[in-house]
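Colleague: Chain order of the listed sequences is A and B.
According to UniProt numbering, the residues represented by the first sequence are 1 to 217, in order.
According to UniProt numbering, the residues represented by the second sequence are 1 to 424, in order.
Worth flagging that the hints you see were computed from the coordinates, not collected in a lab.
As the structure is a prediction and not an experimental result, all values here were calculated from the model.
Possibly wrong hints are sitting among the right ones.
Stated by the list, open to error - So the derived label-pair ranges between C-beta atoms look like this:
#, chain 1, residue 1, chain 2, residue 2, range
1, B, K348, A, A113, 40 to 46 Å
2, A, E32, B, E328, 26 to 32 Å
3, B, D353, A, T179, 39 to 45 Å
4, A, T179, B, H239, 43 to 49 Å
5, A, S99, B, D263, 47 to 53 Å
Unchecked claim - Coverage of chain B stretches by chain A, computed from C-beta distances (three or more under 8 Å per stretch; other residues unrestricted):
#, stretch
6, 20 to 26
7, 237 to 249
8, 310 to 323
Unchecked claim - Counterexamples of contact, computed for chain A against chain B with all Cβ distances above 10 Å:
#, residue
9, T153
10, N169
11, A184
For every residue, glycine included, the Cβ atom is placed at its ideal position computed from N, Cα and C.
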Amino acid sequence: MRVVLAEDLFLLRDGLVRLLEAYGFEIAAAVESGPELTRALAELKPDVAVVDVRLPPTHTDEGLQCALRARRERPGLPVLVLSQHVEQLYARELLADGSGAVGYLLKDRVFDADQFVDAVRRVAAGGTAMDPQVIQQLLTRRAAGDRPLGRLTPREIEVLELMAQGRSNTAIAAQLVVTERAIAKHTSNIFAKLGLEVSDDDNRRVLAVLAYLDQGH
Amino acid sequence: MSMDTESGNGRTTAREVATTAARGLALALVSLPGAVLCFVLSAVSVALIPVGVGIVTTPWVLTGVRAFADRRRLLAARWGGVRIPRAYRPLPKDAGPWARTFGMLADPATWRDLRWLPVDMTAGFLTALLPAVLVLYPLEGLTIAAGLWRVLPDGYWYGFVPVTGQASALAAGALGAVLLASAPRLTPPLLRGHFRLARAVLGSPQGELAERVRVLTETRQVAVDASAAELRRIERDLHDGAQARLVAMGMDLGTVEMLLDKDPAKARELLAQARRSSADALAELRDLVRGIHPPVLAERGLGDAVRALALRMPLATEVTVDLDGRAEAPVESAAYFAVSELLANAVKHADADRIWIDLHHVAEGAGVLRVTVTDNGRGGAAVEPGSGLAGVERRLGTFDGVLAVSSPAGGPTMVTLEIPCALS
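Okay, chain B solo, but in the shape it has when bound (with noise of 0.2 Å):
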């Protein structure tokens, strides 16, 4: 929802200032008699614990409580953007009445809801409330200019003026004009004051941490199977590969020692073998390196490492690289190993001939690390459980990256990751 005060458009910037105004009434008008309610049903219900009706009760009532919340935290988010963490603990399903009771009692984000709800009929209540007022009142002193004077006790004042013939109530007009103009500029804030002092009370200042540790957990995890999976694979690799060959190089040479003198052209020909055989152990052990830290990357960095991929790749691919300095070492593996994955897709399923690979680090904030690769190809692409994308999101997960793929059916596929990090 934009809240643009400083729309030149007058109609719209009217249109806002109703709906926010309409917005806080309706807030108000509900959450007064809303909170009274489920503040007085709860206390009777804890109340009546000892007698034992408030088991029963107590469980309904608090579910209904965190419903009238939960209402609550979906306006703010939708009306002030503002967001409120949901931090309830779970409940075992099969929980009898008792169980439940004592433990919604035992969450400290009841006690916050309970403690929410006297809050939220006052000072919520009027804080709702003064939107609708400040759009309101003005027009009672635009219409007391208009004539309504006339008809008012003596004594009546309109906010500081005190209406008592026709120039005063130009002055009350005029007062009313001056709070209608500044409405606009007023309104919204004030609406999202609403929120603001509902997050306050509300929110748990736990509750974004809790949901940060759930995906720093599930993250770690990725990582953690990832490179262990990674050194099973370079353990299988170097023991069937590099290291078998030099054990056979090594008895080749055995056997030449013995043959020198008895068999020169026997000798000769094993010991061809044994240097094709050291050939072949350096080749696999390259093909190693570059699988697990390609060495462009560690001489040159993330943007050469990219062209000498690009280089590489079958279709004509162009690279643009505005970096300048380093990410850290694991970042820029990271960014490089997706890239190499996401070149590799678009060979692989999307029949494209071109392929732009962009990469720029924005440095507002704590900065971004952000690279699009683009294809000509058919599109349909999708973040799809166990397809490509879906493991390259995972990976880019363990450093907070994010990855947003636009591909529409008949291409183009455009993909997008970014990686928080600055640059040195």
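The following block holds chain A by itself, in its conformation from the complex (with noise of 0.2 Å):
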């Protein structure tokens, strides 16, 4: 799977470049600015593309609006954006066309390089993987001003921040060491006290799930 890599610290840059080859991933470009990003993403058509938020040369949102701007040109091109900080307002603008294959992640979530990984995988294979503080912030929100959250039970919140996040059940159950059959029970609660459409498909799911949270603004 080749990858186009943006970060313009060298050290994290290096380690990014290390982690994602020692999963097997090739790395079509590592490259450290917005335009050279732009250029690289024009030309190599890697399958996932790797950006952090900020970039030079102006130091602002560089990394999401170059981004923005190759996805509008190859609608679905996989994005996972690595930030310093996760805020609602870039999710959105991310998640907006609707076409998934987005994910958004704190930078510290390369930690736990096996999660990362996932991510990537996930991004790559058109899902979504949102930061579980975007998810959070959401859900807080929605439980404050709102009546079916408060329907769920405890777990079914826990499932739903999981499922938001872009985790299949598979994953779900594994993560809450319970069975994938009661997750799918769990779901279909979920779907159902929500109001959401039942979908097989993972990426649909998730946006069903955000888009829910998100209505009302």
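Put the two chains together into one complex; each comes in its own frame, and the hints tell you how they fit.
Modeller: Here it is, written out as structure tokens:
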């Protein structure tokens, strides 16, 4: 699987290259600025891009903007955005086109190599990987002024959180140490309580959850 | 006091002209004897200083002169909209007559008062009288036309019209009518002219500057205190938080190095702990950075930073942004933290379930950034000493910003803040 990597800090870039190579990815390019990233994405056509939000030359949200532009030209281009901080505002912009294959994670998540690599693979396969912090914020916000979430059991909330991050039923079952059947039951309960359409497609499932969490604003 | 001479309502205009004329007349009647009295008393009192009597009387007389001038300052602001700054030097409370006399005489403001008195009794008297004349003189013209010309002696002139018979009397009446018609346009500027003259002589060119210096000194003190406290907080947070965690992590790693061969299971456990420590340290650093300068603010500017802030609110928050550029970083930062504080207030105290934030920039003049935060809570918010709002107000002061609160009991609460600035 070919990856284009954009990160301006040499140490982190080097670490990410080594990490991804160790897990069998092929690094098509590892660049350090916005214009380089745009060029690499257009020329190399990678399977997935791992992009830092803040990149030179502007040192603002250059990386995010490049990723969004590239996705407008090539809809569905898998992009995993890494950031020193996560903002719902940016998460929404990434999810806005509704075509999935996006991820938005705190840089800290690379500490857990297995989970990070899992997120890269998920995004490359057209799924989503949202940072638990984004989901947490959404959930607290919804819970404060909304009744349907109040009808969920604590276990269902837990499952909803993991589901919104983009995990499959198998992954959720593994994380919560229960059977996949139990998770399937929880998810159908959640969908029923929240009035969401049932779907087998992981990606559409996440978008449905996020759309629900987001609605009304 | 509105001086709307363009008013379409004839009665209002007539009343305004009459009021202005009456005010001018009153001013003229008071300023002439008042100024003469003050001037004579001051001159005599100062002249008597060598014989000792003046030492006692001068402070009294000069205080009276100041009261006379203050009265005019008040009327200038109330009737003419003219601000004449007051810039007397403060005298020590327990000063003796000697110190008071010479303290007052050493004050340039005293000499400005004394210089103003002769101006006020001459030019000031005339400028104050003119509005009244402008109203009364046309009345004379009209009465001449109405028949008064019959009893007037030969060679009587009304303005530039020699009154000799009915025809010329009618001409005088026409002139009076023209003058009367022009009165609404002329009287207010004439009265304002009187006050402008007073300001030119009485107002210290440094009065406004002195006031400005006082405000700047005060706000600088607030800014210095606030930034010192902020630095202490950052230092403490770094020292107790991230720094301590990194030290613990280093120690854990050292132990791991040693345990690697002897007890791999224990080493693995410590490695996991070290990784958790580094994640915690990062989380703390992130919070710290958000408290110093929020990343979205740096990346996107005030509009999106406030939008991101609204997304984190536990209640429905609507944001309207109308900014076509970015303000300077310190201004953006001040506005952001002010909004953040206002939102926290609304969530904590207002018992609201909706908040509206409106950000826009007024380009007129030097430009003003105006932010309005409205909630539908229970109201009753006030800028009281020690309250969060007072803190916001003080910190905005550093940027010449102001805060206005409208919060009747029962709500809604609307807080508006304005910071003069240009966008780029």
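Colleague: Give a verdict on every hint.
Modeller: Here is what the structure says about each hint:
A hinted range of 40 to 46 Å for the beta carbons of B:K348 and A:A113 is consistent with their spacing of about 41 Å. Restraint check, A:E32 to B:E328: a C-beta distance of roughly 29 Å satisfies the suggested window 26 to 32 Å. Taking 39 to 45 Å as the suggested C-beta distance range, the pair B:D353 and A:T179 conforms, at roughly 41 Å. Between A:T179 and B:H239 the CB atoms are about 48 Å apart, so this pair conforms to the stated range of 43 to 49 Å.
For the pair A:S99 and B:D263, the supplied restraint of 47 to 53 Å holds, since their beta-carbon distance comes to about 50 Å. Three residues within the 8 Å Cβ limit are the bar, and the stretch 20 to 26 of chain B against chain A gives 0, so the coverage statement is violated. Three residues within the 8 Å Cβ limit are the bar, and the stretch 237 to 249 of chain B against chain A gives 0, so the coverage statement is violated. A count of 6 residues in the stretch 310 to 323 of chain B with a Cβ less than 8 Å from any Cβ of chain A is obtained; the coverage claim is therefore met, three being the minimum.
Every C-beta of chain B lies more than 10 Å from that of A:T153, the closest at about 22 Å, which supports listing it as non-interface. For A:N169, the shortest C-beta to C-beta distance to chain B comes to about 27 Å, beyond the 10 Å cut-off, and the non-interface label holds. Every Cβ of chain B is farther than 10 Å from the Cβ of A:A184; the closest lies at roughly 31 Å, confirming the non-interface assignment.
Comparing the model with each numbered hint stated earlier shows that hints 6 and 7 do not hold.
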